[in-house]
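Enquirer: First to last, the protein sequences are chains A and B.
Counting in the numbering used here, the first sequence tops out at residue 130, every number present.
Counting in the numbering used here, the second sequence tops out at residue 403, every number present.
It should be emphasised that the hints constitute simulated quantities derived from the structure, not laboratory data.
Hints are not guaranteed to be accurate.
[Unchecked claim] Heads up, simulated DSBU-like pairs for lysine-lysine below, C-alpha to C-alpha not over 30 angstroms straight-line:
#: 1; chain 1: A; residue 1: K108; chain 2: B; residue 2: K340
#: 2; chain 1: A; residue 1: K58; chain 2: B; residue 2: K280
#: 3; chain 1: B; residue 1: K55; chain 2: B; residue 2: K71
#: 4; chain 1: B; residue 1: K165; chain 2: B; residue 2: K142
#: 5; chain 1: B; residue 1: K187; chain 2: B; residue 2: K62
#: 6; chain 1: B; residue 1: K71; chain 2: B; residue 2: K59
#: 7; chain 1: B; residue 1: K55; chain 2: B; residue 2: K16
#: 8; chain 1: B; residue 1: K340; chain 2: A; residue 2: K60
#: 9; chain 1: B; residue 1: K325; chain 2: A; residue 2: K108
#: 10; chain 1: A; residue 1: K58; chain 2: B; residue 2: K327
#: 11; chain 1: A; residue 1: K58; chain 2: B; residue 2: K340
#: 12; chain 1: A; residue 1: K60; chain 2: B; residue 2: K71
#: 13; chain 1: B; residue 1: K325; chain 2: A; residue 2: K60
#: 14; chain 1: B; residue 1: K62; chain 2: B; residue 2: K188
#: 15; chain 1: B; residue 1: K280; chain 2: B; residue 2: K62
#: 16; chain 1: B; residue 1: K137; chain 2: B; residue 2: K16
#: 17; chain 1: B; residue 1: K327; chain 2: A; residue 2: K108
#: 18; chain 1: A; residue 1: K60; chain 2: B; residue 2: K48
#: 19; chain 1: B; residue 1: K280; chain 2: B; residue 2: K188
#: 20; chain 1: B; residue 1: K325; chain 2: A; residue 2: K58
#: 21; chain 1: B; residue 1: K55; chain 2: B; residue 2: K165
#: 22; chain 1: B; residue 1: K69; chain 2: B; residue 2: K59
#: 23; chain 1: B; residue 1: K287; chain 2: A; residue 2: K60
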Amino acid sequence: MPGQQNIVRFLSITFQSFFNLTHLIPSPFLLTAIKSISYSTLIRVGILWGIGSGAYEKGKFGDAWGCHSPQYITIMHDTLIQKLTGSQDDTRSIFAPFDALSLLIGDKNARTFCQQNLGISARPPLHNQS
Amino acid sequence: MRVLEIAFSEFFLDTKQLITEGVRQDIDIYISNPPLDHNSNDTHQRAKDHENNLKRWLKLDKPLSYGHKDKNKTFETLLQAIVTHKEDIIHGLPNMMTNAMTPSAFVSSLLAMSRPHFPAAPSAPVLSNGSFLPSLKLAHSKLIQLDDTKDDNTFVSTMFLRAVKYLDISFIPFHLPRTHSRGAPNKKPVYNSWAYLGLQDTNTTNPLPLPSNTPSLSQAAASLALSNILAHDSNAAWSIHPLRLADISSFVNKATLPADYATPSPSTTPYVNETFHWVKQAYDPRKPLHHLALLVSLIIACLRPNLFLPIDPQIRSLFISADTKDKVRDVYHSLPWVNKKKDKKGISDETLLVSMFTTFIIALYEPTSPLRIHMQSSSRGGLGDAWTAKYSTLSFYHIPVFF
Numbered sequence: 001m002p003g004q005q006n007i008v009r010f011l012s013i014t015f016q017s018f019f020n021l022t023h024l025i026p027s028p029f030l031l032t033a034i035k036s037i038s039y040s041t042l043i044r045v046g047i048l049w050g051i052g053s054g055a056y057e058k059g060k061f062g063d064a065w066g067c068h069s070p071q072y073i074t075i076m077h078d079t080l081i082q083k084l085t086g087s088q089d090d091t092r093s094i095f096a097p098f099d100a101l102s103l104l105i106g107d108k109n110a111r112t113f114c115q116q117n118l119g120i121s122a123r124p125p126l127h128n129q130s
Numbered sequence: 001m002r003v004l005e006i007a008f009s010e011f012f013l014d015t016k017q018l019i020t021e022g023v024r025q026d027i028d029i030y031i032s033n034p035p036l037d038h039n040s041n042d043t044h045q046r047a048k049d050h051e052n053n054l055k056r057w058l059k060l061d062k063p064l065s066y067g068h069k070d071k072n073k074t075f076e077t078l079l080q081a082i083v084t085h086k087e088d089i090i091h092g093l094p095n096m097m098t099n100a101m102t103p104s105a106f107v108s109s110l111l112a113m114s115r116p117h118f119p120a121a122p123s124a125p126v127l128s129n130g131s132f133l134p135s136l137k138l139a140h141s142k143l144i145q146l147d148d149t150k151d152d153n154t155f156v157s158t159m160f161l162r163a164v165k166y167l168d169i170s171f172i173p174f175h176l177p178r179t180h181s182r183g184a185p186n187k188k189p190v191y192n193s194w195a196y197l198g199l200q201d202t203n204t205t206n207p208l209p210l211p212s213n214t215p216s217l218s219q220a221a222a223s224l225a226l227s228n229i230l231a232h233d234s235n236a237a238w239s240i241h242p243l244r245l246a247d248i249s250s251f252v253n254k255a256t257l258p259a260d261y262a263t264p265s266p267s268t269t270p271y272v273n274e275t276f277h278w279v280k281q282a283y284d285p286r287k288p289l290h291h292l293a294l295l296v297s298l299i300i301a302c303l304r305p306n307l308f309l310p311i312d313p314q315i316r317s318l319f320i321s322a323d324t325k326d327k328v329r330d331v332y333h334s335l336p337w338v339n340k341k342k343d344k345k346g347i348s349d350e351t352l353l354v355s356m357f358t359t360f361i362i363a364l365y366e367p368t369s370p371l372r373i374h375m376q377s378s379s380r381g382g383l384g385d386a387w388t389a390k391y392s393t394l395s396f397y398h399i400p401v402f403f
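The following block holds chain A by itself, in its conformation from the complex (with noise of 0.2 angstroms):
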């Protein structure tokens, strides 16, 4: 029947309508959220300086946690792109992208990523590690 067709359609209609604009309607189940980015987090890369418990949580900025010297940021900012740019590496960059990972985050840290499809290689460990 040509009428049920119509109404069939209509609900397919307003159906998929209502899942495309889904994305648009606030929904605590749908998008709650978490943020990382915090003053933690950035002690824990290096760029703010912490210290003690505070650098951990709940520290005062100036006391707990806070801002490198310039000559600090200077020195991080080339050693970061020596590292990116492999400028001296003799590995033809081969391992730069974990060698600035690895300067930010440690080497432990940098090599569980590279396990963790990051699709970049892990430079072999100076020492054995046994």
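We have chain A; now place chain B onto it with these hints.
Expert: Showing chain B alone in chain A's frame:
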């Protein structure tokens, strides 16, 4: 601006004429003297490819843009039209990697050639007998008339720079390399020597490694050549997405924030929104802190969703005895990066993570940022609840759902 648009359209016409003559001459020589290892079919096919690429390039409105942000593939098409031997395509346009200048230097040379009094002799990319030079002179004099200040070249120079950016002029035909032989130095633009406008006003970074000599198919080689020149060109538009750690080295020379630098949804508290816009406006890649902030943010974003510390009540106790900055870093380096909870997702959009981390770092370091001003005026000297709610804690967030 219209007067400059007209002038530069003449520049494009002159350039197209120069390239057409050069490429067709090259095709004739190629057919009459084919490489020894090529048969007749190969030679004619290659000549046909050159001609097809040339015709495709001639149709483009912005023939000196990279075209990597649209479907035109401008640079790759031109490259395939100009470079005779397939194995040379990977090196990009001839001499381009050795001839680099800032857009300001390019504009200065155009202004010197077109000024009303004592103009400099025409030199690459301007042809002495082309139609660009007279229209350039006319545009220059019209802009001088429009300039109310009359005191220096700032207005005219700014308008030229805007036109260069608007018309997306990223590379130009250049003269042949200068030799140490006698006679006047080469100044005339040629079809087989190029320069790119990719330098920042001051050199702040190390050059990237040169392309490898791995043999490749011509299209793949052209794409690689484009990637190489884009990595060197500080002023070319670039995007974060899709972000891969292995690609970050190609962003090192960028002088601008990425085109897809995302804006977080607005907060109800003004200083949170103002901080984001303040940082976006203040961003200066020549400042080590700003450049470092962007690079660190790009690297952190690659680690998503594992951006958190494990949930363990013992962790706090590890920090109590960490009474120096180095000890704190050692503790952090000993702890794994994990996803917070399996039933909740962190921010998965890398563009938003990069913009929020960059904002946070620069705002903390710059004493005049709205965030630091807020911290100074707050009784506890903290970031404020609105900031913490926006950047660090559990909140509603727009995660696209597609069906």
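Enquirer: With reference to the structure, classify each hint as holding or not holding.
Expert: Results of checking the hints against the structure:
1. A/K108 / B/K340: Holds. A/K108 to B/K340 sits at ~20 angstroms (cutoff 30 angstroms).
2. A/K58 / B/K280: Holds, at roughly 28 angstroms.
3. B/K55 / B/K71: At roughly 16 angstroms apart (the allowed maximum being 30 angstroms), B/K71 and B/K55 satisfy the hint.
4. B/K165 / B/K142: Satisfied, since the Cα-Cα distance of roughly 20 angstroms is no more than 30 angstroms.
5. B/K187 / B/K62: With Cα atoms ~24 angstroms apart, B/K187 and B/K62 stay inside 30 angstroms; holds.
6. B/K71 / B/K59: Satisfied, since the Cα-Cα distance of roughly 13 angstroms is no more than 30 angstroms.
7. B/K55 / B/K16: Cα-Cα ~10 angstroms, so holds.
8. B/K340 / A/K60: holds (24 angstroms)
9. B/K325 / A/K108: Distance ~19 angstroms between B/K325 and A/K108 Cα, so the pair holds.
10. A/K58 / B/K327: holds (18 angstroms)
11. A/K58 / B/K340: The hint holds at about 19 angstroms.
12. A/K60 / B/K71: Outside the cut-off at roughly 51 angstroms; violated.
13. B/K325 / A/K60: Answer holds: B/K325 to A/K60 is near 15 angstroms, not above 30 angstroms.
14. B/K62 / B/K188: holds (22 angstroms)
15. B/K280 / B/K62: At roughly 28 angstroms apart (the allowed maximum being 30 angstroms), B/K62 and B/K280 satisfy the hint.
16. B/K137 / B/K16: holds (20 angstroms)
17. B/K327 / A/K108: Holds, at roughly 16 angstroms.
18. A/K60 / B/K48: violated (70 angstroms)
19. B/K280 / B/K188: With Cα atoms ~41 angstroms apart, B/K280 and B/K188 exceed 30 angstroms; violated.
20. B/K325 / A/K58: holds (17 angstroms)
21. B/K55 / B/K165: holds (25 angstroms)
22. B/K69 / B/K59: Roughly 17 angstroms separates the two Cα atoms, so the pair holds.
23. B/K287 / A/K60: holds (27 angstroms)
In summary, the numbered hints that this structure violates are 12, 18 and 19.
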